[in-house]
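Undergrad: Protein sequence lines, in the order shown, are assigned to chains A and B.
Quick note: the first sequence uses the numbering used here, first residue 1, plus one each step.
Quick note: the second sequence uses the numbering used here, first residue 1001, plus one each step.
In case anyone wonders, no lab produced these hints; they're calculated from the structure.
These numbers come from a predicted model, not from an experiment.
Cβ coordinates follow ideal geometry from the N, Cα and C atoms, glycine included.
Among the hints, a few may not be true.
Stated by the list, open to error - If you anchor each label on the Cβ, the simulated ranges turn out as follows:
| no. | chain 1 | residue 1 | chain 2 | residue 2 | range |
| --- | --- | --- | --- | --- | --- |
| 1 | A | Arg-61 | B | Arg-1082 | 42 to 50 Å |
| 2 | A | Asp-33 | B | Arg-1085 | 36 to 44 Å |
| 3 | A | Ser-124 | B | Asp-1008 | 45 to 53 Å |
| 4 | A | Asp-80 | B | Asp-1022 | 45 to 53 Å |
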Amino acid sequence: MAEELFRRTFQIEGGDFENAGERSAEVTMILKDLGVDPNIILRVGVVAFEAEMNVVMYARRATLTFVLTDQEIMVEVADDGPGIPDIELAMQPGYSTASDEMREMGFGYGLGLPNIKKNSDVFSLQSQVGKGTRVHSIIRLMSYG
Amino acid sequence: MRLETLRDLLTCEVLAGAEDLDTEIETAIAADAMSAVLACPHLRGLLITGLTNIHSVRTAQVVSLPAIMFVRGSRPTEATIRLARQNKTVLLSTKLGMFDSCGILFSHGIRGGN
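Make the full structure from the sequences, and use the hints.
TA: Put into structure tokens, the structure is as follows:
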């Protein structure tokens, strides 16, 4: 049974480009302070940042939950956005519905969800059109190096 | 390569982190799309970009890149510089374009990493 060492929940506001990424940066700082392997922190950072940017770009609000146990790190982002009609298509690298404005911000190139999956040991995406999307990622502490 | 060597090589202006120019970088990644940076992060590498908004610094912070070099003479916003100072991210700006900047660094041993 895994022992929970740390849990934190953050609120993310859709459209808040100014503060986008702040929660992910905070998560990586917490992990650095706890002395977690830098390669693990890198993967958690990518997962959290991409998920956070997706909320800022597409949803109204979301909750980011971050849990550290002695075995793994869980990042879950649940939003109340428009949902994803075709998950298989959304997972294809390069597929994006982003606007030019979003691309000017450096995001919206269709790499977000593939990046999250690539950096996760366990990945799941559930979405309902008109209701929202839930991204769940687990990164095992022993999976790297 | 030390950042101070890079500064001299590409005639960079230092916009933040002048006290950290003894930092060593071995790899670099060049992109304006931050998702491309997140797709193949380079631990302790240099980010070369034309993206001057706050997300360049946030991206560098999240994937532990110690320095950003802006190309084409781009200057980041004040908010970007402020955040970089807070996070101790070195900001450099060169008048060279991205292609020439990458070529010069490659010829001096900097590689793209994995």
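Undergrad: Now look at each hint and say whether the structure bears it out.
TA: How the hints compare with the structure:
With their beta carbons about 26 Å apart, Arg-61/A and Arg-1082/B fall outside the hinted range of 42 to 50 Å. In this structure, Asp-33/A and Arg-1085/B break the distance hint of 36 to 44 Å, their C-beta atoms being roughly 20 Å apart. Ser-124/A and Asp-1008/B have their C-beta atoms about 50 Å apart, which keeps the hinted 45 to 53 Å range intact. Range check, Asp-80/A to Asp-1022/B: about 47 Å between beta-carbon atoms, so the 45 to 53 Å window is met.
Of the hints listed earlier, those the structure fails to meet are numbers 1 and 2, in rising order.
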